[in-house]
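Student: Sequence:
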Amino acid sequence: MSTTNQGIRDRWIADLCMHVADRSEAGSWMVAVRHSGDAVTFGALEAAINDYRRIVGTHGMSLESALTGALLHTAPSLVDLEPAERARVVDQMIRWLGRDVAAAPAVTAAPTLRSVG
19 MSTTNQGIRD RWIADLCMHV ADRSEAGSWM VAVRHSGDAV TFGALEAAIN DYRRIVGTHG
79 MSLESALTGA LLHTAPSLVD LEPAERARVV DQMIRWLGRD VAAAPAVTAA PTLRSVG
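Each number in this note's numbering corresponds to the 1-based position in the sequence shown with 18 added.
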C-alpha cells in the first residue's frame, strides 16, 4: 500500500473509531458486531480501543492495531479461527463497523520532489 493510500486508510480508521465512540455515547449497550457466540457492544469496544490505543501508542503502532486488538479482545471466539480466516473475519468486522463512515477524501495534490543527501 502506498504512503498516500495508507494515509487515507489511517484517516478512515480514525473516523471509524470516532464513530464507535459516538455510538457508545448514544447507547453503549447496543451490539456493534457479533461472531459465533460473542456479541460485542459499542461500550465494550470503545473501552477496549482506548485501552489498546495506550499500548500500541507507546510502541509506535497504528490506531488500526488498537482496533484489531480490541476486536480480538472483545470477541474471544476469533482466537479459535485459523490465522487467514481470523484476518478475513476481522476485516469484515471493520468493514461492517465502518459501513456508515464516509470514505476519506483522496489526496489530489501532485507529489513534490525533495532533495535528500
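Derived by calculation from the structure, the hints in this document are not laboratory data. Quick caveat, the model's predicted, so the values are computed rather than measured. The beta carbon of each residue, even a glycine, is placed where N, CA and C say it ideally should be. Each hint should be verified, as a subset may be incorrect.
[Stated by the list, open to error] Here are the simulated distance ranges between beta carbons:
| hint | residue 1 | residue 2 | range |
| --- | --- | --- | --- |
| 1 | 117 | 90 | 27 to 37 Å |
| 2 | 57 | 22 | 30 to 40 Å |
| 3 | 47 | 78 | 28 to 38 Å |
Student: So, against the hints stated earlier in the document, which numbers end up violated here?
Tutor: 1
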